[in-house]
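Trainee: Spelled out, the chains give:
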Amino acid sequence: MALKLTISDIYKSYNGKEVLKGSSFSFDKSGIYVLMGPNGSGKSTLLRICALLEPPDSGKVKYLEDNNRILEDNLNLRRRLTLLLPNIGAFNTTVFKNIAYGLKIRGIKKDKIEEKVEQALDFVGLLHKKNQNALTLSSGEIKRMGIARAIVIEPEILFLDEPTTSVDHENIKIIENIMIQLKQRLNSTIIMATHDSISARRVGDFFLFLEDGRIKF
Amino acid sequence: MNFLVEAFKQAFYLIFHLDRELLQIIGLSLEVSGGALLIAAILGIPFGAFVGLKKFHGRGFIITLLNSFMGLPPVVVGLFLYLLFSRSGPLGFLGLLYTPTIMIIAQFILAFPIVAALTHSACVKVEPDVKLAARALGATSSQVTRTVIREARYGIIAATVAALGRVMAEVGGIIIVGGNIAGYTRVMTTTIALETDKGEFELALALGLILLLISFLINIALFSIQKKGAQKPQWL
Chain S
40 MALKLTISDI YKSYNGKEVL KGSSFSFDKS GIYVLMGPNG SGKSTLLRIC ALLEPPDSGK
100 VKYLEDNNRI LEDNLNLRRR LTLLLPNIGA FNTTVFKNIA YGLKIRGIKK DKIEEKVEQA
160 LDFVGLLHKK NQNALTLSSG EIKRMGIARA IVIEPEILFL DEPTTSVDHE NIKIIENIMI
220 QLKQRLNSTI IMATHDSISA RRVGDFFLFL EDGRIKF
Chain R
7 MNFLVEAFKQ AFYLIFHLDR ELLQIIGLSL EVSGGALLIA AILGIPFGAF VGLKKFHGRG
67 FIITLLNSFM GLPPVVVGLF LYLLFSRSGP LGFLGLLYTP TIMIIAQFIL AFPIVAALTH
127 SACVKVEPDV KLAARALGAT SSQVTRTVIR EARYGIIAAT VAALGRVMAE VGGIIIVGGN
187 IAGYTRVMTT TIALETDKGE FELALALGLI LLLISFLINI ALFSIQKKGA QKPQWL
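Chains as they are written, first to last, in this note's numbering: chain S, 40 to 256; chain R, 7 to 242.
Hints were generated in silico from the structure; no laboratory data involved. Please note: incorrect hints may appear among the correct ones.
[Unchecked claim] Think about it this way: if two alpha-carbon atoms lie no more than 35 Å apart in a straight line, the pair counts; the simulated DSBU-like pairs of lysine-lysine are: (1) S:K56 x R:K137; (2) R:K131 x S:K168; (3) R:K60 x S:K149; (4) S:K101 x R:K61; (5) R:K60 x S:K148.
Computed from a prediction, not measured in an experiment: that's the story for all the values here.
Construct all of the structure, not just a fragment, from the sequences and the given hints.
Mentor: What follows is the structure in structure tokens.
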């Protein structure tokens with residue numbers, strides 16, 4: 040495992056309402072961590088803070104290398120992680136261009152992009168939809184496209200926020216299989232927030248509960 | 007009734023025989039409005055995007071100002087520029103009054119708020135998740151901005167087309183600052199006004215029909231752009 044994440048004493052409030060009240064944990068193993076908790080318990084907030092997309096009000100988010108060297112919060116570090124949002128945030132363009140985005144902004148060459156995107160599309164079973172506009176996909180397909188868009192950049196830590204929400208039963212199974220394969224393929228850490236305990240049990244290795252603004256395990 | 011039929015006949019004659027004066031007037035109209043729109047787009051799109059994407063002190067005031075200036079009366083713009091650029095005005099030494107340049111300036115003043123305000127609105131309407139997803143995928147701040155502008159492209163094109171419609175149909179401002187000089191500053195709208203005044207309706211009618219056609223084409227373009235841009239995720 041190349042990258043470890045430690046959070047300590049994270050506090051976050053929105054409009055005076057305290058969502059996180061001193062959450063602490065060390066994600067130091069490869070595998071799938073499942074963060075469970077009811078709607079509104081702060082799972083998404085915690086993932087955004089962990090993915091360095093939002094600062095906490097107080098507390099620390101630390102990324103460490105294997106030799107325990109603490110990494111600075113900069114673009115280099117941010118590009119080693121990614122977060123899959125519940126609504127994906129699909130761009131109004133083709134499926135191919137959506138998935139190529141992360142590679143393109145990293146300055147990867149065109150032929151390499153093509154090869155990697157096609158591999159990712161094949162992995163999530165959407166190769167036949169590569170020239171279709173992403174906004175015309177079904178909810179399950181769009182989640183799969185989101186996963187392909189995230190894994191194509193080969194993140195060392197992948198955050199998944201409710202990957203199986205608003206998805207039909209068949210697509211839930213496909214997504215769960217993708218995640219299990221992903222764990223073996225990437226050999227990295229996947230941190231998934233969900234309120235779907237059945238799905239969590241099927242794919243998870245480590246289980247955490249967010250209750251009253253704190254992580255319990 | 008007869009005179010109306012005769013006027014239409016003459017108008018079609020001028021159009022189909024590509025009358026030299028008619029073509030020259032259309033050419034200058036397109037030059038003035040196109041020039042004004044180009045400058046308004048070059049300055050207005052980045053400005054509108056900046057106001058839409060960045061939070062800064064006085065942002066609300068600028069948005070209100072832009073929205074108010076969208077309905078700026080052309081004659082007021084014409085009057086303001088006339089006072090500024092007339093021989094006794096502070097910028098009179100530039101000698102721009104009664105030239106196509108000042109007509110472009112006048113139309114730019116009318117087009118800029120439309121382009122900027124509608125670009126701002128298009129950028130604001132982009133789903134916040136799109137911006138967050140770009141950041142989550144490792145985009146820098148300028149890459150996120152470019153992504154949002156690309157997502158707002160249909161709204162931005164619609165803004166530009168709407169501004170073109172406004173300046174092409176404008177008469178009050180350019181007649182004051184341009185002076186409606188034949189062969190030099192005479193454009194479609196000012197010619198229509200003049201010829202109607204003179205009671206010579208053939209040229210006015212021919213230009214009116216062409217202006218209507220341009221306006222119709224602009225609206226078709228606007229409609230198809232808005233239709234394309236209205237595409238929403240099927241699963242939402």
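Trainee: Does each hint fit the structure? Answer for all of them.
Mentor: Results for each hint:
no.	hint	verdict
1	S:K56 x R:K137	25 Å, holds
2	R:K131 x S:K168	27 Å, holds
3	R:K60 x S:K149	32 Å, holds
4	S:K101 x R:K61	28 Å, holds
5	R:K60 x S:K148	31 Å, holds
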